[in-house]
Amino acid sequence: MQGEGGIDGNVGNRQMQDFASVSNADFIPDGSNDGFDSDERQRTSSVNSFCCTAPRNSISGQQFYSLTNVPNNYYAMENIKQKRSSKLFDRPELFVHVLTEKLKGPWIEQVFLKRECIKYIPTFGTNKCGCGLFLNAHSPAVISQFKATLIEDGIVPSSQSLRWSVAEHTRTAHTDAFGTLEFSGGAHAHKAHYVRLGYDSDPSDIMYLMEKIWGLEPPRLVITVHGGITNFEVQEKLGQVFREGLLKAAQTTGAWIITAGIDAGVVRHVATALDEAGISARMRSKVVTIGIAPWGLLKRHEKLIGKDIVVSYDPHSFSSKSKYATLNDRHSYFLLVDNGTSGRYGADIILRKRFEEFIARKQTIGLGTRHVPVICAVLEGGTCTIRAVLQYLTNQPPVPVIVCDGSGRASDLIAFAHRHVLENDNLPMEIREQLLNLIASVFRYSSTPVEQILDEILCCAKHRDLLTVFRLNENRKQDVDHAILSAILKGQNLSAADQLALTLVWNRVDIARSDIFVANQNWNPHLLYDAMMEALALDRVDFVKLLLENGVSMKKFLTISRLEQLYNMEQDSILPLINDSMSIADSRITLPKIGVVIERLMGNAYKCSYTSRKFKNKYEKSKKKALISRIPSFRSLCATYSKTKHISEEAKSNTRKRLRKEIKEGDDFQFPFNDLMLWAVLSRRQEMARCMWTYGEEGMAKALAAIRLYKSMSKEAADEYIEVEVSNELREFAEEFKRESLSLLNHCYLQDDAGTLRLLTAELPNWGHHTCLSLAVIANNRRFLAHPCCQILLADLWHGGLGIKSYSNLKVILALAFPPSILLLDVKARISNRRMDFLTQHSFVFEGNESNNEKEDDDRSQNSASSSFYVSEHLKIRRKTKYKTTAFSQRMTNFFETANLIDETLRVRSGIREPRKSVGANLQEMTQETSWTTKFSIFYSAPITTFWIWLASYFIFLGVYTYVILIEFPVKPTEVEWFLFAYVVALVMEHFRKLLVQEASTICEKIRVYFDRCWNYLTWLAIITFFIGFAFRCNQPTRHSYGRVILSCNIVFWYIKLLDFMGVHPRLGPYIQMTGKMIVNMMYILALLLVTLMSFGISRQAITNPHEKWQWVLIRNIFYKPYFMLYGEVYAGEIDICGDEGINCVPGGWIPPILMTIFLLVANILLINMLIAIFNNIFNETNAIAQQVWLFQRYEQVMEYENTPFFPPPFTPISHLLILFKYFWKVRKILNLTIQLLKKNSHSYKREFDQSA
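Sequential numbering of the sequence shown, starting at 1, is according to full-length UniProt numbering.
Keep in mind that a hint or two might mislead.
[Said to hold, decoys possible] Derived DSS-like pairs (lysine-lysine); straight-line CA-CA distance at most 27 Å:
no., residue 1, residue 2
1, K1240, K1229
2, K1222, K935
3, K805, K935
4, K299, K323
5, K191, K323
6, K1246, K1229
7, K191, K299
8, K1226, K1240
9, K614, K1226
10, K303, K191
11, K490, K362
12, K625, K555
13, K614, K555
14, K248, K362
15, K1239, K1229
16, K811, K935
17, K828, K805
18, K624, K555
19, K1109, K1121
20, K621, K556
21, K625, K556
22, K625, K614
23, K1057, K1077
24, K556, K614
25, K618, K556
26, K1239, K1226
27, K299, K119
28, K811, K828
29, K1057, K811
30, K556, K545
31, K555, K618
32, K555, K621
33, K616, K556
34, K490, K248
35, K147, K119
36, K128, K147
37, K212, K362
38, K323, K119
39, K624, K556
40, K212, K307
Hints are computed from structural coordinates only; laboratory data are not their basis.
Take these sequences, add in the hints, and give me the full structure.
Structure representation (structure tokens):
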């Protein structure tokens, strides 16, 4: 302030003097009006003692030394604190110890001080001391000292000979007042923290108190409110707009509101803002309101004295006639500033000023480097308010000020001058005279000269860039909150990038849209990329949309390093998922680890792109580039090397080609919104996930994948019972995406039904080569699959190339019984070129791609097959691959792709061109072949035909098996029995084939995914027991014992497996699923029944048969009769074996009837009826959605028979032989093509060499 010169410096000094005059200049220490730095030099310290062997402000048993031996320069202390902090973090145990000590009450007591008057100096004409207290209010020591002085001198000391001063006539002591205020008597009772502290306390200690002890979030903005200290009225509309805008600015930006804390004047308007908003006590704690009030001005402040106490405080219970003030009950934190005076304003001014300047200079937002902005809001006010505004405007750094015109007095005068001030910072003479008259009328009782006040107002008005005047109805679109935040952006003299960063932190997209992204402004893309990164990290969805609207390209923005950085920002939510998937040595999250997590959550049959070899190669290159970019001298080293070494032109050309290729490869992610949506889902950011789902491609697939991820995460959270709320929240997120996916499907179907069908069956390389249908199955989205669009597609797949529209099952059965009738069946009008090639060449289409492995894992541990679909009249769908290769096909994928390229190259080089047939020729060929070959091929390749053939074969198997088991076994197995054996062996081979073609990469994962289908358990149980029984049957001594018994029990499993075929029926399918659910739920009741049976059975057996010897039949007898009692067989003759005569009674024979009564009540009535109620509930739930259940099951059935060989057991090995034949034929063809290409290349190279020679 002193170094500014001119009128600013003088006015600044006068301002501090005026502050002192208002509060009593006698108590202000020398040099206190020099501003922040001089005040720091004058103060001794906020702590009276310091332990040299422990961190600053810690409590220790070591010796304490005076702080006079320690440098008290503020910046030197900051450096010392930083060094000590680094040491603390190097030693975690010391850091934990110190932190624990600081969190205790003794820390507050040791750090913060109070001040007491130590010498009574009466003021002129009164009996009060210069501190404002009467003699009897001082301590006994002060009274004794004063009386001793009277005795020695014989006269009362004159105020003119000795002036009372805070620095000389007060002493410090540890604070004795801190704790919690419980406000009562108002409409909304709540609590507030408070502490009594000295006016020269260290702002860094205050900040530590607020953040670490009181647990406040660091501020992102500070709004300091100034104005009248006495009650005043403003226009109703202006007051309402000011209060609403102030509260909105604080709520949306996470601001701290700092006021005087006294229940009067402008502070009441701040409190009214909270009341009008209807904010509860709990929500009010989120709006940080800090009152910095003078301790000596409070009424009955002695009630607050106590260490870490809870004080009931009723502001309305005090007398309103006293000159003392009360605290406002709408604040949550109070700093009660003590300078040793009583009944006077001003003790809080110096501390408030230093605290706000400390925040503006030293505090940063989050972990960044941007300082916390401070803004002053002015409502009404007097001459002190004018000087406060001037000081804010001339501070270093300056603080923007917003003044509300129309609120009265100081605000109106500053606004008037701001409106009429000229470019030369002066006023027209007539305006100047008018303003002088206004000042004289407004401040008629002020001791400050009118000219001085005018000069101060003009000094304020000339800072146009820092001073903002809010006028009601001047700009209808701009509220007070908008004006406050715009004033900060304008007054801080920030670049556009810094302004955008501030609005990001505040989460005020409206400010960014109106004040930052203006027309004709060119943005550096890298600045927008930084803003996008921050918006994603802070979960600012609206800012992400705004940046996308303003030209941010996600393809160029999203890199591997940025995506990894986003994942590592969410370690709390993502690390548990990684730890469940794999053991990691470090906590660094990488994309390959995320790929493993996604595969686990989606199901092991899912292949995430992050775990593919292609992506891993790109990932390694990206890491190498990032490592090289950190070496500053790398480019210069390369340049030097290129100058000193001779490099051939060919090498340079190759280098340029490679660089061009890398540039063409370009972006790290083809569909960046997909990757960002996965990040948002895994980090549980639902709104951000919805935003990323809205933008970009593959919206249907993204929604279905999000459902599955959310459901899996919800299940894992539910398994940990401490995260039940998180589990419910994740399930709600999944339901939200279910609704969105169904809405999107319905919209697409209404707009373009044929295009929607293609959309559902299109292979998605970015989603594990799945289709939308298979993703819906994985997500267990019943309503999605029950949609008419999906059912039309499934019906088309089920009928294959047949054009049957009614009685399809009957027509297929008749065609199978009488094959010539196949020629009478209709076929679909259009068949794709690929299908025509298949028909004309009579060859099987081989696909070694991962996308042809069809078993998928869903939410109910169900598997479905095939992303290869038949092409119908409306669809461009791939013809189904009828036969699959074994695991060798996956290993040969790259080999076959290379062979195709070789084949294409040979045709191009040799000039061979295959003649193309026109569409008319294709249709003509199709028409010619539909006479019999096409119809037979289409009929026998349709899934519905395969189903009925397999069902007929299975009925034959069951019929033969039943015949064999009912008659006597001959000595040697007959041909019929060998037929059964061949059938089971063929079935084993087919199931091995299904196991090997699973998409999972390892054999263990294949087995797990394969057995996710419950019917496979039953099938293998039946197969294993059949082989065991057949082995015993072939052995003559055991054929009638073990062999017959095991096979007789084994046939039960084969009959139960018949339910698998019956699930195709729309009525029986839901009932079968109901039965499965009932069996699962019945197990819990059976556990209760088992306990009840054992408790009653053992007691009954022990009492009624006391003389039994040990034998295994006793175990049976425990359950035998009690179990049949559940069905009504009570064995009446055995209830009371003693009879009325009491003959043959065993000791305690009267007890079993009583136990039986209790047992029947619990088991028959309670547990059995509970089981019936559970069954009834399951039936009602499933029956209500029976249609959806069956339509969902239909997909699995269609895919099952879509990929089942036509030949049923025992002829299935024929299909397997055809697969092997096709495989070896393809390998032989590829080898021949490779040899031809190598020979041709060798001849061409030889000719070139001969020509050059």
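Okay, the hints, checked on the actual structure:
Note on K1240 and K1229: the hinted pairing holds, with a Cα-Cα distance of about 16 Å set against a maximum of 27 Å. At most 27 Å may separate the alpha-carbon atoms for a hinted pair to count; K1222 and K935 meet this at roughly 23 Å. The hinted pair formed by K805 and K935 meets the criterion: a straight-line CA distance of about 16 Å does not exceed 27 Å. Between K299 and K323 the alpha-carbon distance is near 9 Å, which keeps this suggested pair within the 27 Å criterion.
A distance of roughly 25 Å separates the Cα atoms of K191 and K323; the hinted pair therefore holds under the 27 Å criterion. Between K1246 and K1229 the CA atoms are separated by roughly 26 Å; this keeps the pair inside 27 Å, and the hint holds. Among the hinted pairs, K191 with K299 is consistent with the structure: their alpha-carbon atoms are about 19 Å apart, no more than 27 Å. Between the alpha carbons of K1226 and K1240 the distance comes to roughly 21 Å, so the proposed pair stays at or under 27 Å and holds.
Taken as a hint, the K614 and K1226 pair is honoured in the structure, with Cα atoms around 26 Å apart against an allowance of 27 Å. Under the criterion of a C-alpha separation no larger than 27 Å, the hint pairing K303 with K191 is consistent with the structure, at around 16 Å. The hinted pair formed by K490 and K362 meets the criterion: a straight-line CA distance of about 21 Å does not exceed 27 Å. For the suggested pair K625 and K555, the alpha carbons sit about 18 Å apart, so the restraint of at most 27 Å is met.
About 18 Å separates the Cα atoms of K614 and K555, which keeps this hinted pair within 27 Å; it holds. Among the hinted pairs, K248 with K362 is consistent with the structure: their alpha-carbon atoms are about 26 Å apart, no more than 27 Å. Taken as a hint, the K1239 and K1229 pair is honoured in the structure, with Cα atoms around 15 Å apart against an allowance of 27 Å. A C-alpha spacing of about 14 Å is found between K811 and K935, which places the hinted pair at or below 27 Å, so the restraint holds.
About 11 Å separates the Cα atoms of K828 and K805, which keeps this hinted pair within 27 Å; it holds. Taken as a hint, the K624 and K555 pair is honoured in the structure, with Cα atoms around 21 Å apart against an allowance of 27 Å. The straight-line distance between the Cα atoms of K1109 and K1121 is roughly 19 Å, inside the 27 Å bound, and the hint therefore holds. A C-alpha spacing of about 17 Å is found between K621 and K556, which places the hinted pair at or below 27 Å, so the restraint holds.
Taking the CA atoms of K625 and K556, the gap is near 16 Å; set against the 27 Å cutoff, the hint holds. Of the supplied pair hints, the one linking K625 and K614 holds, its CA atoms being roughly 17 Å apart against a limit of 27 Å. In summary, the hint linking K1057 to K1077 is supported, as the alpha carbons are separated by about 17 Å, within the 27 Å threshold. Restraint check for K556 and K614: satisfied, since their Cα atoms lie roughly 20 Å apart, inside the 27 Å limit.
Between the alpha carbons of K618 and K556 the distance comes to roughly 16 Å, so the proposed pair stays at or under 27 Å and holds. With a C-alpha separation of about 20 Å, the suggested pairing of K1239 with K1226 holds against the 27 Å cut-off. Restraint check: the Cα-Cα separation between K299 and K119 comes to about 23 Å, which is no more than 27 Å; the hinted pair holds. Of the pairs offered as hints, the one joining K811 and K828 holds, with about 16 Å between alpha carbons and a cut-off of 27 Å not exceeded.
With a C-alpha separation of about 25 Å, the suggested pairing of K1057 with K811 holds against the 27 Å cut-off. A C-alpha spacing of about 16 Å is found between K556 and K545, which places the hinted pair at or below 27 Å, so the restraint holds. Only pairs whose Cα atoms come within 27 Å are accepted, and K555 paired with K618 is accepted, the gap being roughly 16 Å. The hinted pair formed by K555 and K621 meets the criterion: a straight-line CA distance of about 18 Å does not exceed 27 Å.
Distance hint between K616 and K556 is fulfilled; the C-alpha atoms sit about 20 Å from each other, no more than 27 Å. Restraint check for K490 and K248: satisfied, since their Cα atoms lie roughly 19 Å apart, inside the 27 Å limit. Between K147 and K119, the direct Cα distance comes to roughly 11 Å. Compliance with the 27 Å bound is thereby established for this hinted pair. Taken as a hint, the K128 and K147 pair is honoured in the structure, with Cα atoms around 15 Å apart against an allowance of 27 Å.
Proposed proximity of K212 and K362 is supported: the alpha carbons are some 17 Å apart, at most 27 Å. In summary, the hint linking K323 to K119 is supported, as the alpha carbons are separated by about 24 Å, within the 27 Å threshold. Using a Cα cut-off of 27 Å, the hinted pair K624 and K556 holds, with the two alpha carbons roughly 19 Å apart. As the CA atoms of K212 and K307 are separated by approximately 18 Å, the hinted pair is consistent with the 27 Å bound.
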